[in-house]
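Student: Listed below, chain by chain, are the residues.
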Amino acid sequence: MSAIIALIVAAVTFGTVLMFGTLGEILTEKSGNLNLGVEGIMYMGGAFGLAGAFNYEQAVGAASSSGLLAILIAIISAFAAGAIASLVYGFITITLRANQNVTGLALTIFGTGVGQFTGEFLRVREGNFVALSNHLKDSFANPIMPKFLQDIPILGKILFSHSVFFYIAVILAIAMHLFFVKTKKGMYLRAVGESPSTADAAGINITLYKYLATIIGGGISAIGGMVYIVTTAGCVWNHAGLSGVGWLAVALVIFCLWRPLNAIWGSVLFGALMIMYLRVRIPFIPTEIYKILPYVVTVIVLVFSSMRNNKEKQPPASLGANYFREER
Amino acid sequence: MKKFTVLLMVMLMTVSMVFANGTTEAAPAKSEAIKVGLICIGDENDQGYTYNFIRGQKEATEKLAAEGINVEWVTKYNIGEDSTCVDANIEVAEEDCKIIFNNSYGFEPFMLEVAPNYPNIDFVSCTNCVSSHDALPNTFNAFANIYEGRYVAGVVAGLKLNQMISEGKITADKAVIGYVGAFSFAEVISGFTSYYLGAKSVCPSVTMKVSFVGSWSDATAEADAAKALADQGCVMISQHSDNTTPATAAQSAGIFHTGYNNDMTSVAPNASLISTRIDWSVYFYEFIKAFVAGEKLDQDWCKGMEDDAVKMTELNTAIAAPGTQAKMDQVIADISSGKIQVFDTSKFTVKGATVTHAFARDTNGDFAADTDEAVFDGAYHESYFQSAPYFTEQIDGITWLNAAY
Amino acid sequence: MSAEVKTPFVRLAKRDSMDPKKVWAIRLSSILVALILGMIPIMITGQNPFTAYGIIINGSLGKPIYIKQTIKIAIPLLGCALAIAPCFKMRFWNIGAEGQITAGAIAASYFALYWSDKVPSFVLILIMFVTAAIAGGIWGLIPAFFKAKWNTNETLFTLMMNYIIIGIVSWLQGGPWEGRKGSQLIPMFNQSARLPEIFGIHCGWIIVLLLVVLMHIYMNYTKHGYEIAVIGDSENTARYAGMNVGKIMMRTMFLSGAICGVVGFIVVSGANHTLNNGVANGVGFTSITVAWLSQLNAFAMIVISLILAILTKGANTLQTRLKVPASISDIVTGILLFCMLSCEFFINYKLIFRHGKSEEEASK
Chain F
414 MSAIIALIVA
424 AVTFGTVLMF
434 GTLGEILTEK
444 SGNLNLGVEG
454 IMYMGGAFGL
464 AGAFNYEQAV
474 GAASSSGLLA
484 ILIAIISAFA
494 AGAIASLVYG
504 FITITLRANQ
514 NVTGLALTIF
524 GTGVGQFTGE
534 FLRVREGNFV
544 ALSNHLKDSF
554 ANPIMPKFLQ
564 DIPILGKILF
574 SHSVFFYIAV
584 ILAIAMHLFF
594 VKTKKGMYLR
604 AVGESPSTAD
614 AAGINITLYK
624 YLATIIGGGI
634 SAIGGMVYIV
644 TTAGCVWNHA
654 GLSGVGWLAV
664 ALVIFCLWRP
674 LNAIWGSVLF
684 GALMIMYLRV
694 RIPFIPTEIY
704 KILPYVVTVI
714 VLVFSSMRNN
724 KEKQPPASLG
734 ANYFREER
Chain H
9 MKKFTVLLMV
19 MLMTVSMVFA
29 NGTTEAAPAK
39 SEAIKVGLIC
49 IGDENDQGYT
59 YNFIRGQKEA
69 TEKLAAEGIN
79 VEWVTKYNIG
89 EDSTCVDANI
99 EVAEEDCKII
109 FNNSYGFEPF
119 MLEVAPNYPN
129 IDFVSCTNCV
139 SSHDALPNTF
149 NAFANIYEGR
159 YVAGVVAGLK
169 LNQMISEGKI
179 TADKAVIGYV
189 GAFSFAEVIS
199 GFTSYYLGAK
209 SVCPSVTMKV
219 SFVGSWSDAT
229 AEADAAKALA
239 DQGCVMISQH
249 SDNTTPATAA
259 QSAGIFHTGY
269 NNDMTSVAPN
279 ASLISTRIDW
289 SVYFYEFIKA
299 FVAGEKLDQD
309 WCKGMEDDAV
319 KMTELNTAIA
329 APGTQAKMDQ
339 VIADISSGKI
349 QVFDTSKFTV
359 KGATVTHAFA
369 RDTNGDFAAD
379 TDEAVFDGAY
389 HESYFQSAPY
399 FTEQIDGITW
409 LNAAY
Chain D
389 MSAEVKTPFV
399 RLAKRDSMDP
409 KKVWAIRLSS
419 ILVALILGMI
429 PIMITGQNPF
439 TAYGIIINGS
449 LGKPIYIKQT
459 IKIAIPLLGC
469 ALAIAPCFKM
479 RFWNIGAEGQ
489 ITAGAIAASY
499 FALYWSDKVP
509 SFVLILIMFV
519 TAAIAGGIWG
529 LIPAFFKAKW
539 NTNETLFTLM
549 MNYIIIGIVS
559 WLQGGPWEGR
569 KGSQLIPMFN
579 QSARLPEIFG
589 IHCGWIIVLL
599 LVVLMHIYMN
609 YTKHGYEIAV
619 IGDSENTARY
629 AGMNVGKIMM
639 RTMFLSGAIC
649 GVVGFIVVSG
659 ANHTLNNGVA
669 NGVGFTSITV
679 AWLSQLNAFA
689 MIVISLILAI
699 LTKGANTLQT
709 RLKVPASISD
719 IVTGILLFCM
729 LSCEFFINYK
739 LIFRHGKSEE
749 EASK
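Chains as they are written, first to last, in our numbering: chain F, 414 to 741; chain H, 9 to 413; chain D, 389 to 752.
Treat the hints as calculated values from the structure; they're not laboratory data. By construction, the Cβ of each residue, glycine as well, lies at the ideal position given by its N, Cα and C atoms. There's no promise every hint is true.
Which bits of chain F does chain D cover? Going by a derived footprint, with three or more residues having C-beta under 8 Å, they are [claimed, not checked]:
no., segment
1, 477 to 488
2, 511 to 519
3, 533 to 540
4, 662 to 671
5, 698 to 704
To list a few chain H residues with every Cβ distance to chain F over 12 Å, as calculated [claimed, not checked]:
no., residue
6, V79
7, K297
8, E322
Straight line, CA to CA, 30 Å or less: simulated DSSO-like cross-link-like pairs of lysine-lysine [as the list claims (entries may be wrong)]:
no., chain 1, residue 1, chain 2, residue 2
9, D, K711, H, K66
10, H, K106, D, K711
11, H, K319, H, K297
12, H, K182, F, K560
13, H, K182, F, K570
14, H, K43, D, K456
15, H, K359, D, K569
16, D, K569, H, K311
17, H, K311, F, K560
18, H, K297, D, K711
19, D, K569, H, K355
20, H, K311, H, K297
21, H, K177, H, K335
22, F, K570, H, K217
23, H, K71, H, K297
24, H, K106, D, K451
25, D, K711, H, K43
26, D, K402, H, K106
27, H, K359, H, K182
28, H, K106, H, K359
29, H, K217, D, K569
30, H, K177, H, K355
31, H, K43, H, K66
32, H, K304, H, K66
33, H, K43, D, K569
34, H, K71, D, K711
35, H, K319, D, K569
36, F, K570, H, K177
37, H, K297, H, K43
38, D, K402, D, K477
Using the sequences and the hints, build the whole thing.
Tutor: Below, the structure written as structure tokens:
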């Protein structure tokens with residue numbers, strides 16, 4: 414039992430990273446834009462988030478740096494980086510109508526480059542490794558819930574022993590869910606993704622919705638990259654640490670069937686699958702094979718949902734296709 | 009359209025300037041300095057393995073400069089253990105480097121693809137074992153007796169465990185060390201075995217669990233592995249991997265840690281007791297100095313604590329057990345003098361039996377050791393026949409959690 | 389430029405045709421714009437961008453060995469872009485080239501590792517070639533089958549397939565094919581399993597150049613190529629015309645996967661001489677952009693893949709000489725892709741401003 418709890422707690426750490434990545438991409442895809450640049454966006458988020466916190470600490474000095482402010486700065490820098498990257502993507506695909514897949518891949522190449530460049534440049538500039546002070550690290554990674562909640566048997570560990578980012582992500586998931594099902598704007602957004610021509614005819618400003626969803630979605634995904642760097646990677650820039658994380662987030666979007674609430678448990682499950690090889694041994698199954706399980710599961714979900722052709726469980730109908738009003 | 013043409017013209021001019029500039033700038037910079045290449049698997053940001061090499065690089069440069077030898081380094085960072093390593097070696101060779109150091113184990117096969125084409129350049133593969141006895145005179149291997157340092161770190165850990173036992177924090181049978189290893193191969197096995205033997209020499213009840221992460225440098229996996237070990241009851245973490253995340257993980261789990269490559273007390277002041285590191289400046293210095301003098305070092309180089317090639321970082325006295333420093337100094341002196349044999353066969357067993365025989369080197373290329381008896385004079389002689397470690401026994405008291413790597 | 393395309397101030401109209409000279413002028417200028425934008429990150433590092441570009445050119449083309457290295461990078465990019473072309477023409481978004489390369493590499497590596505002493509070199513290489521093509525083809529066929537049968541989203545399916553096969557290589561590396569125990573390295577291939585060199589570069593360059601010609605013929609002068617083009621225009625039209633769309637999809641994807649598989653073979657046998665999980669190394673993704681930017685034109689792909697290879701190789705030298713992080717090549721490549729993707733808009737559409745004056749110089 415305690416081993417399972419420990420696995421869940423550890424899975425949440427990596428799951429939080431995925432949750433941000435996935436939530437952002439869900440928002441983007443709901444508008445009909447398949448942004449394959451998440452990988453690059455998360456790299457940029459990681460590098461800029463770290464750079465933001467690092468520069469802040471250098472500016473005020475390690476002694477007087479405030480954890481809360483550092484968290485805010487990291488979130489804002491990461492969000493801004495992701496939003497700007499997605500703005501470029503949005504401009505090229507929405508306004509200039511270029512192919513989404515290709516533009517997304519270009520963004521992945523660009524974003525990975527920018528992330529690694531920034532991380533490496535910081536090191537060259539400092540002439541040494543880039544590290545945050547220990548108390549900032551603690552404020553990023555340590556549990557924020559009061560001790561008595563953490564001490565509740567079983568549930569305390571599972572629910573209350575996480576970093577601040579986990580709770581932000583959960584709140585975000587719930588908010589996004591409510592936005593989609595309860596608000597008019599959320600409904601409009603889904604309409605844009607499902608059938609842009611109908612939405613257009615109904616007088617919805619498609620371009621605006623697509624832009625906003627893409628930009629905000631990209632910003633949220635980027636926060637995931639930052640969370641990885643400041644929690645799992647120990648506030649150190651890691652050259653290849655984020656490789657594959659963005660793609661895993663894209664997989665998770667499918668696994669969650671484009672529903673934000675599913676992302677909460679889905680990301681923890683994926684997080685668990687990625688680290689399970691260190692904790693659980695299944696005879697005859699090589700541990701390296703564990704790491705492909707998230708993708709295998711995703712493929713199965715994808716295939717089954719297409720077989721059953723259940724409209725509720727499909728990708729947004731116009732996903733990946735650009736909207737040309739003139740060609741309606 | 010006119011504007012467009014003008015713009016295009018301007019751009020073309022810009023580009024032609026680029027080309028013109030390129031040809032003039034290509035001339036080599038300094039004349040007297042000897043150019044040396046260093047190809048790294050990571051960069052200083054790991055605060056571990058590659059950082060340790062860069063430190064060695066800087067210190068060697070200073071030492072050599074004091075003797076009037078100017079070294080100009082060409083350093084490649086974040087190179088993969090694949091054909092990009094071939095490219096990096098060619099790249100550096102074409103920059104007129106006279107010596108090229110490859111810092112990762114997995115670089116060697118790729119380095120050896122390039123070496124025959126540049127007979128006047130010396131290629132060094134740190135930590136691997138083929139270059140020293142292949143047919144090429146310009147390829148080298150180097151390593152240091154890091155197992156000595158790990159043994160000392162083990163002693164420090166053992167003393168801390170003793171303190172925890174005597175203070176009643178744990179019972180003697182709960183003295184479990186968790187070890188984050190990269191791969192289950194000789195260099196790592198030799199490392200954690202010596203560490204374990206060091207701990208056992210002062211704390212007889214100690215046992216150890218080893219988790220392999222399957223990568224030299226994967227910050228996430230290393231952190232997760234350390235966390236998993238802590239969750240399984242380990243109260244002391246050590247590592248053979250490149251990053252500092254095991255230290256961070258140990259600190260947040262409220263247990264202790266000893267490190268590798270770099271003083272990790274700055275990262276985890278409440279957890280990290282001490283680290284051991286190879287001082288690569290010793291080798292760099294000797295190699296470059298010999299090269300400039302027109303000599304060559306032995307193709308297989310290995311030195312230990314007595315030559316300062318293996319060092320301990322400063323002890324974290326705030327958390328180490330009382331009396332650790334004194335005990336440590338004594339152990340270091342005994343290792344240097346040969347009084348302590350780290351792999352003393354009377355101190356460990358394999359499946360209940362004493363080890364009496366093991367081969368050290370592989371000569372026929374099937375990756376199984378077949379020559380040079382390593383066990384004699386009551387000890388397993390590690391790094392005696394070649395610099396790269398070859399100890400692969402799975403001794404009693406150490407549990408391998410996942411041997412797939 | 390603003391996002392206000394939909395305001396009445398400007399209106400869009402699709403262009404029927406454009407003077408080819410002008411088309412190339414726009415494309416060329418987009419490359420120049422990209423190079424100018426690429427100066428920004430270089431200047432951030434405090435280097436002179438002209439010097440930096442000079443080094444990029446010098447480091448990629450300045451010496452025969454540099455040219456060889458550059459071509460070595462371009463070979464898989466070009467080969468894979470050729471593989472992508474028929475799929476994208478059909479509007480089947482195969483982003484699984486990465487995995488198909490890997491599948492081919494695995495098959496080739498198996499024979500390289502275990503058959504090298506059983507058959508003569510020439511036969512061995514032929515076997516590796518054929519099995520790699522089959523393996524890559526099968527890996528591409530799987531998503532196509534589900535697409536044809538149940539209309540499963542192929543973009544996402546092919547994407548997932550990449551990571552599955554890469555995970556399998558990781559397992560082979562640490563398991564059955566491992567060399568020195570615990571090293572996680574598969575041994576280097578014997579000489580007999582390596583592609584021979586012609587003019588100092590492994591002969592993969594001849595294979596891909598042959599493929600360029602074959603693909604050009606296939607796409608433009610065969611019935612298959614015609615069918616692909618029709619499906620790409622409209623799946624419904626194809627159906628009305630009596631084409632078996634599912635079958636054509638599967639056939640095309642097998643072909644595409646097979647070519648990717650051959651690229652995998654070329655990479656392991658010609659360049660790496662061993663297998664590891666990074667064998668595809670992003671080529672599968674980059675080549676998609678190569679194919680698209682070339683307008684799926686086989687000959688244009690040669691140019692684009694060379695440009696990207698020059699950037700990659702040159703940026704390596706840039707890192708060596710000026711300590712500018714080598715990831716600058718990804719940034720400049722990204723900017724280049726963005727600019728070239730954007731410029732197509734100005735080729736396909738014209739902006740009509742409110743005053744009725746048609747503005748042709750859209751590229752500013």
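Student: Enumerate the violated hints, using their earlier numbering and listing them in ascending order.
Tutor: Structure breaks hints 1, 17, 26, 28, 33.
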